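S.K.: The whole structure should be built from the sequences, with the hints applied where relevant.
Number of protein chains: 2
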Amino acid sequence: MAKLYGVSVGPGAPDLLTLRAVRVIKSCSVIAYPCAEGLDSFAKTIAAAHLRDDHIQIPITMPMVASRFPAAEVYDTATIEIENYIRNGRDVAVLCEGDSMLYGSFMYLLERLRHVEVEIVPGVSSIFAVSASASYPIVSRNETLSVVSGVLDDETLIKNLELADAVAIFKVGRHFMRLKALLEKMGLLKHSIYVERASLDNEIVLPLARADGKAPYFSMILVRKEPIG
Amino acid sequence: MAKLYGVSVGPGAPDLLTLRAVRVIKSCSVIAYPCAEGLDSFAKTIAAAHLRDDHIQIPITMPMVASRFPAAEVYDTATIEIENYIRNGRDVAVLCEGDSMLYGSFMYLLERLRHVEVEIVPGVSSIFAVSASASYPIVSRNETLSVVSGVLDDETLIKNLELADAVAIFKVGRHFMRLKALLEKMGLLKHSIYVERASLDNEIVLPLARADGKAPYFSMILVRKEPIG
Chain G
18 MAKLYGVSVG
28 PGAPDLLTLR
38 AVRVIKSCSV
48 IAYPCAEGLD
58 SFAKTIAAAH
68 LRDDHIQIPI
78 TMPMVASRFP
88 AAEVYDTATI
98 EIENYIRNGR
108 DVAVLCEGDS
118 MLYGSFMYLL
128 ERLRHVEVEI
138 VPGVSSIFAV
148 SASASYPIVS
158 RNETLSVVSG
168 VLDDETLIKN
178 LELADAVAIF
188 KVGRHFMRLK
198 ALLEKMGLLK
208 HSIYVERASL
218 DNEIVLPLAR
228 ADGKAPYFSM
238 ILVRKEPIG
Chain F
18 MAKLYGVSVG
28 PGAPDLLTLR
38 AVRVIKSCSV
48 IAYPCAEGLD
58 SFAKTIAAAH
68 LRDDHIQIPI
78 TMPMVASRFP
88 AAEVYDTATI
98 EIENYIRNGR
108 DVAVLCEGDS
118 MLYGSFMYLL
128 ERLRHVEVEI
138 VPGVSSIFAV
148 SASASYPIVS
158 RNETLSVVSG
168 VLDDETLIKN
178 LELADAVAIF
188 KVGRHFMRLK
198 ALLEKMGLLK
208 HSIYVERASL
218 DNEIVLPLAR
228 ADGKAPYFSM
238 ILVRKEPIG
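So the protein lines, in turn, are chains G and F. So the first sequence is numbered by this note's numbering: it starts at 18 and just counts up by one. So the second sequence is numbered by this note's numbering: it starts at 18 and just counts up by one.
Read the hints as simulated data drawn from the structure, not as lab findings. It should be emphasised that the depicted structure is a prediction, and the values quoted were computed from it without experimental measurement. Don't take each hint at face value.
Copies of the same chain look alike in the list, so a pair counts if it works inside one copy or between any two.
What the hints assert, rightly or not - 20 Å max Cα-Cα, derived SDA-like pairs, lysine to any residue: (1) K242 - E128; (2) K20 - M79; (3) K176 - K242; (4) K176 - A151; (5) K188 - N159; (6) K20 - A151; (7) K43 - K61; (8) K43 - P31; (9) K188 - S157; (10) K207 - E128; (11) K242 - L180; (12) K207 - R131; (13) K20 - I75; (14) K242 - N105; (15) K20 - S152; (16) K188 - A151; (17) K20 - G106; (18) K188 - V222; (19) K207 - Y102; (20) K207 - L130.
M.R.: Structure representation (structure tokens):
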């Protein structure tokens, strides 16, 4: 039997792949990647320079219906296809945006494929691309960081913002105005930065106070309570 | 004037450098790196394959006295040396273990060198190497993650463990026995994994319940409250 690789391809810039990710992609004969129905796969785009015509490709296509996420049957079908290749001696690399184990869809395949040999290639999470693009340190010394989803209700977000020294809010998207208002009410607006499409050519880095709210899915808010000292 | 680069070199395995980190290291004529007094620099070891004889090297040597950390005068001296090279037209890369903005010492140089042009190269944090080595997902969907230091008092750790769905405890080292006892008392031992030297040849991955407590500085505990589903 061959091997399943979960290959984290980083936040978006093609040169933020690791040397290992490149080597694994080149060595696998089958490449799977998530994509939303009707759209290009972001993970595939990031790794495009390393894909060859002789790579067998498996798009794992998610229907664009939020209520069906995570769509179990999509992962069930992909699992069967991937497992067939592995049983036929072909290594399979599943490409994952950012790091595959932080809000990555790879973990749904992992849970279904625990019986095959798996190797996970860690990658650069978008939180570090955001921090780097903004030159904005995350935590130092014994500070604490909360990583949260912007989808959460205000009460949960407030608890995290009260407890942690820094908070990274993923999945901002359509929750932007609510999140900005919440941070303003808590007196944290001046310490918050907003980043869209971190590490990509069209990235936007702004103090949150100056961001306007047309936040795409790939956007993040990074909050610090105090300056680094 | 030339440019200052903060180059994250990842958790330890040399092939977990990004393509960008390799390119920047090769293009800079001066390479600085942190090291503890009397020991090899871990960051330099990780990037060793990309260092050349004609690279000018600046070790930033930390005295082994915890009470003096962060040793301001060490960073002040390094700042002067780095700034001299930059003013003389030489690009300087400061190597940083993991990601430079998550508990990285680079941020102390960054605060002192805000007036020069700076580019930060994000990297693979050890939390992702730990998760990958253990095949242990961190967070999915709208779960929250707390990243904390094991140096913190029990009360602060308990608050984080109560609030978050997953907790990554950095800087375990000599706090291992206290942390293990705390997690046991909270009924979280069975969901905790312990990893030493993640991604290195001599890494150790264990259920926390089976780890014995001779934890080195580069060790981490990763806790999940519930299995991924």
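S.K.: Each of the hints needs a verdict: does it hold here or not?
M.R.: Okay, the hints, checked on the actual structure:
| no. | hint | verdict |
| --- | --- | --- |
| 1 | K242 - E128 | between (37 Å within a copy, 17 Å between copies) |
| 2 | K20 - M79 | neither (24 Å within a copy, 43 Å between copies) |
| 3 | K176 - K242 | both (14 Å within a copy, 18 Å between copies) |
| 4 | K176 - A151 | neither (25 Å within a copy, 30 Å between copies) |
| 5 | K188 - N159 | between (26 Å within a copy, 9 Å between copies) |
| 6 | K20 - A151 | between (38 Å within a copy, 16 Å between copies) |
| 7 | K43 - K61 | within (13 Å within a copy, 27 Å between copies) |
| 8 | K43 - P31 | both (15 Å within a copy, 18 Å between copies) |
| 9 | K188 - S157 | between (24 Å within a copy, 12 Å between copies) |
| 10 | K207 - E128 | between (41 Å within a copy, 18 Å between copies) |
| 11 | K242 - L180 | both (10 Å within a copy, 18 Å between copies) |
| 12 | K207 - R131 | between (45 Å within a copy, 19 Å between copies) |
| 13 | K20 - I75 | within (16 Å within a copy, 42 Å between copies) |
| 14 | K242 - N105 | neither (53 Å within a copy, 37 Å between copies) |
| 15 | K20 - S152 | between (39 Å within a copy, 14 Å between copies) |
| 16 | K188 - A151 | within (18 Å within a copy, 26 Å between copies) |
| 17 | K20 - G106 | within (8 Å within a copy, 48 Å between copies) |
| 18 | K188 - V222 | within (16 Å within a copy, 31 Å between copies) |
| 19 | K207 - Y102 | neither (52 Å within a copy, 34 Å between copies) |
| 20 | K207 - L130 | neither (45 Å within a copy, 22 Å between copies) |
In summary, the numbered hints that this structure violates are 2, 4, 14, 19, 20.
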